[in-house]
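Trainee: For the record, the sequence lines run as chains A and B.
Residue numbers are given in full-length UniProt numbering: position 98 of the first sequence equals residue 98, and the series is strictly consecutive.
Residue numbers are given in full-length UniProt numbering: position 163 of the second sequence equals residue 163, and the series is strictly consecutive.
None of these hints come from the bench; they were simulated from the model.
Since this is a predicted model, take the numbers as computed values, not measurements.
There could be a bad hint or two in this list.
What the hints assert, rightly or not - Cut-off 30 Å, straight-line C-alpha distance, at most; resulting in silico cross-link-like pairs (DSSO-like, lysine-lysine):
1. Lys81(A) - Lys94(B)
2. Lys82(A) - Lys53(B)
3. Lys105(B) - Lys92(B)
4. Lys43(B) - Lys69(B)
5. Lys82(A) - Lys69(B)
6. Lys194(B) - Lys81(A)
7. Lys5(A) - Lys55(B)
8. Lys81(A) - Lys92(B)
9. Lys136(B) - Lys16(B)
10. Lys69(B) - Lys42(B)
11. Lys53(B) - Lys86(A)
12. Lys16(B) - Lys113(A)
13. Lys69(B) - Lys99(B)
14. Lys92(B) - Lys206(B)
15. Lys69(B) - Lys6(B)
16. Lys112(A) - Lys53(B)
17. Lys43(A) - Lys16(B)
18. Lys146(B) - Lys81(A)
19. Lys84(A) - Lys206(B)
20. Lys69(B) - Lys206(B)
21. Lys99(B) - Lys82(A)
22. Lys82(A) - Lys194(B)
23. Lys86(A) - Lys94(B)
24. Lys81(A) - Lys206(B)
25. Lys136(B) - Lys86(A)
26. Lys82(A) - Lys205(B)
27. Lys146(B) - Lys48(A)
28. Lys43(A) - Lys55(B)
29. Lys86(A) - Lys16(B)
30. Lys46(B) - Lys16(B)
31. Lys81(A) - Lys53(B)
32. Lys42(B) - Lys113(A)
33. Lys82(A) - Lys6(B)
34. Lys55(B) - Lys194(B)
35. Lys84(A) - Lys55(B)
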Amino acid sequence: MTLLKIVPRATQATDTDDYIKLYEYSITIGGTIASFIYFSNFKLSISKFFAIPVGITIGIFFGLFASALAEVLNVVPVFAKKFKAKHELQYIIGALIFGKVVGALYYWLIFKKV
Amino acid sequence: MIVIDKEQVYINLETKYSVDLNTHVFIEDVAQVYCNNDGIKKKVEKIRIYNGKDKEMYDYISGNEVTTKVLEAIDNIDITIIGGPDVLLEIKGKEEENKLLNFFKITLVILVLFFGAAAAIVNFYEDVNMSKSMEKIYFTITGVKKDNPLILTIPLSLGTGLGMFAFFSRIFSFSKRRRQEPGPMELELYLYDKDIEDNILNDLKKQKNSQ
């Protein structure tokens, strides 16, 4: 869980190299707090609409994480080279992203009801 | 006693060069020549270093070959090779682009990746019992036990797409300089190509050494 490429990519995109220590802290503290909460019955009892931003941020992390896995990052270049598809790469990545979103929505909306 | 100094010639070899079928390769294609004497510089550049081949293949030119050929052609110079020790040659014909075949290939890849990614997500969620953890998170926020909290899971699914987009895209950056840097995918493509070329060069050298 060295968060291969997630933190470097995040710092590169936002041009905030100096704050890496801060990011390390957020990851460690987030994980530790979650561990405590998991084993307790702690609840905040606030409006359910706060779940929306929480859901989006968790999702963004999953998205970054899923992209950095070897199954995506190493497979797509092989595909692109074998099929000589360097210019159409954006469509291929788009298909991947779309597939994951549709798969997730399918899971929550249909799969769980069956 | 008259001492005649030899002219210094520096040759900077490229790492890789692509050439068409049946085209000769000259020094000026694969290297940069530095020399005080312009006449000698031009003469060195025009030396033919590799004969055109009529089939597509990889080959390489070693620094030693370059030095030998240049010394054969011109006396009285000192050659120093700077830059890489070898030049990898890629001999390939003109690639004709078949638009229809390309379209089908791309469509196939897109379908495979689309359904594959969807199935991977479904399996991942099922494997790690995502629904239970989402219900627990919902309980932590609102204090209400609810089965299948859609208000949490739908933003989660949309956020996944957003995260992946942010990871790969080159639009989503704050500084202009950062936007021009290669994204992770471009980097992986480059590294893959580089590894292949290193491997090919190594194989060629092993072959030549064992002959």
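Trainee: Can you name, in rising order, the numbers of the hints this structure does not satisfy?
Mentor: Going through the list in order, the structure violates hints 5, 7, 9, 12, 13, 16, 17, 18, 25, 28, 32, 33 and respects the others.
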